[in-house]
Amino acid sequence: MSNPQQLRYSKEHEWLTDAVDGVATVGITEHAANALGDIVYVQLPEVGATVTAGEECGELESTKSVSELYSPVTGEVVEANQDVVDDPALVNTAPFEGGWLFKVRISDEPGDLLSADEYTAFTAG
Amino acid sequence: MSTAPRLTALDALHRSLGATMTDFAGWDMPLRYASERDEHNAVRTRAGLFDLSHMGEITVTGPQAVDLLDYALVGNISTVGNGRARYTMICQEDGGILDDLIVYRLGETEYMVVANASNAQVVLDALVARSQHDGGFDAEVRDDRDAYALIAVQGPESPGILKQLTDADLDGLKYYAGLPGTVAGVPALIARTGYTGEDGFELFLKPEHAEGVWKALTEAGQGVGLIPCGLSCRDTLRLEAGMPLYGHELTTSLTPFDAGLGRVVKFEKPGDFVGRKALEAAAERAEAAPPRKLVGLVAEGRRVPRAGFQVVAGGEVVGEITSGAPSPTLGRPIAMAYVDAAHAAPGTEGVGVDIRGTHEPYEVVALPFYKRQK
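Heads up: the protein sequence lines correspond to chains A and B, in order. Everything in the first sequence is counted per the working numbering, starting at 1 for the first residue and increasing by one. Everything in the second sequence is counted per the working numbering, starting at 1001 for the first residue and increasing by one.
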């Protein structure tokens, strides 16, 4: 599996696009999706909610377990992907594309987000 | 005791197939190869291939083998014909369930007891101890856990697949029957049993033959969509079929009557058996005023109930989930739960499950959730 070069990554296995007009898109990595197995339920933060870097903002439920979703940055949620709520399998089949989770207007971000190569090395170890 | 997990004879093959492995009862077993939902659906509609070599085989032989089993187990083993199998249980003196078992009659005086991996040692120890009862039975109890690999092929296409590899009379082999035969050129005990709610076969083989048989089945099943399947889908398949799993629906603190499986206890068999007295009392209790019943629950929403979650009604706790999972066949989460009798009737209004603090509405249904069309 390859992690797209243009994204940045958190150690909680979220990815983040570069911000356009202050808004970035967030999802979980293919590595995380594979580890979870078939995802059957996604709970996303609501539009207008404030999310905080490193804090829980939703949940992802798979056949075997439930996992918390963490926000990689701090900001206001401006859009939640209704497609993955309706069809959670999208997170497995297209984690970096149609399986994105929410868009956030960034007010602050931690300094320890990883590059694609750093994240690849992080998950290999 | 070593903590390193035990590996089945098919371990290298699973890894070459890219399986996600999991520790299960001390064994390193395939959890899934790709999507567990696809694996589940393959078994329901086509066929799936499982490595079940973690199951615990115990052979009981000798002139009094059947008497020992009738004494040690709750079933009437003397009514099991040669070449047939029986679902049964082994209980404690107080009636608590030690394990659920399948007993295969392999010959006139030879039986194979198949225990759950997690309980195999307990069952073996109990059978050995009970063989010494009252001067002892003229029977030998043998630990054959390492003597067998176990491969299952399950699903509607499984008879057609297996027929390509054996001359055994599969059409004459009924559900819960087993016969010795040859599969892909090697000896195997071919049993028409499973834990999926589908037609299928379990093949008990010498471990050194497992890889060859697995590959032959894979090849024979290629044209009809057979895929390798892990324990994750085995769990959702058995849950849909309403089959209990030891450690979830069955424990030492429950009798077969508490689990709604009192029919496996055969009081009419001659002679005493371990737990008889306690089980007679349990049967009366269950008849008079069952405290809780094992029921099915189907979610109205999409959040999944897990073992240990509380069942609620009117703000009160009325039961506990024993197994829960998203059901690929129903498209909704399902669960089995022990629920107070007052709330256990199918269609009971106002029942929910506490999922991390939120009461999600659930429908009470009769088990099983899924029954195959014959």
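Hints should not be assumed to be uniformly reliable.
Listed next, the in silico EDC-like pairs over lysine to aspartate or glutamate satisfying Cα-Cα at most 20 Å (straight line) [as the list claims (entries may be wrong)]:
hint, chain 1, residue 1, chain 2, residue 2
1, A, K64, B, D1028
2, A, K64, B, D1023
3, A, K64, B, D1134
4, B, K1371, B, E1360
5, A, K64, B, D1354
6, B, K1277, B, D1134
7, A, K64, B, E1287
8, A, K64, B, D1235
9, A, K64, B, E1280
10, B, K1266, B, D1235
11, B, K1206, B, D1354
To give an idea of the chain A side of the interface with chain B (calculated C-beta under 10 Å), a few residues [what the hints assert, rightly or not]:
hint, residue
12, G22
13, N34
14, V42
15, E46
16, V47
17, S62
18, T63
19, K64
20, N81
21, N92
22, A94
23, E97
Computed list of chain A residues with no C-beta within reach of chain B, every gap over 10 Å [stated by the list, open to error]:
hint, residue
24, Q6
25, A19
26, T25
27, H31
28, A32
29, G37
30, D38
31, V40
32, A49
33, E61
34, V66
35, A89
36, D108
Treat the hints as calculated values from the structure; they're not laboratory data. From the three backbone atoms N, C-alpha and C, an ideal C-beta is built for every residue, glycine too.
May I ask you to test the interface hint for A/N34 with respect to chain B, counting a Cβ-Cβ separation under 10 Å as satisfied?
With a closest approach of 8 Å, the A/N34 hint holds.
Chain B versus A/D108 - minimum CB to CB distance exceeding 10 Å, so not interface
holds (28 Å)
Confirm or reject the statement that A/D38 sits farther than 10 Å, beta carbon to beta carbon, from all of chain B.
Incorrect as stated: the minimum Cβ-Cβ distance to chain B is 5 Å, not above 10 Å.
For the pair supplied as a hint, A/K64 and B/E1280, confirm whether the alpha-carbon distance does not exceed 20 Å.
violated (38 Å)
Please work out if A/K64 and B/D1023 have their alpha carbons no farther apart than 20 Å.
Distance ~14 Å between A/K64 and B/D1023 Cα, so the pair holds.
At a threshold of 10 Å, is the proposed contact between A/S62 and chain B supported by beta-carbon distances?
holds (8 Å)
Chain B contact restraint for A/N81 - C-beta distance below 10 Å:
violated (16 Å)
If you take the shortest Cβ to Cβ gap from A/V42 to chain B, is it below 10 Å?
holds (9 Å)
So is A/A32 really clear of chain B, every C-beta pair being over 10 Å apart?
holds (13 Å)
Taking the least C-beta to C-beta distance, is A/E46 closer than 10 Å to chain B?
Result: violated, 15 Å to nearest chain B Cβ.
Would the least Cβ to Cβ distance between A/E61 and chain B come out above 10 Å?
violated (5 Å)
Assertion that A/V66 lies outside the chain B interface [Cβ separation over 10 Å]
violated (7 Å)
Comparing the model with each earlier hint shows violations of hints 3, 4, 7, 9, 10, 11, 12, 15, 16, 20, 22, 23, 29, 30, 31, 33, 34 and 35; every other hint is respected.
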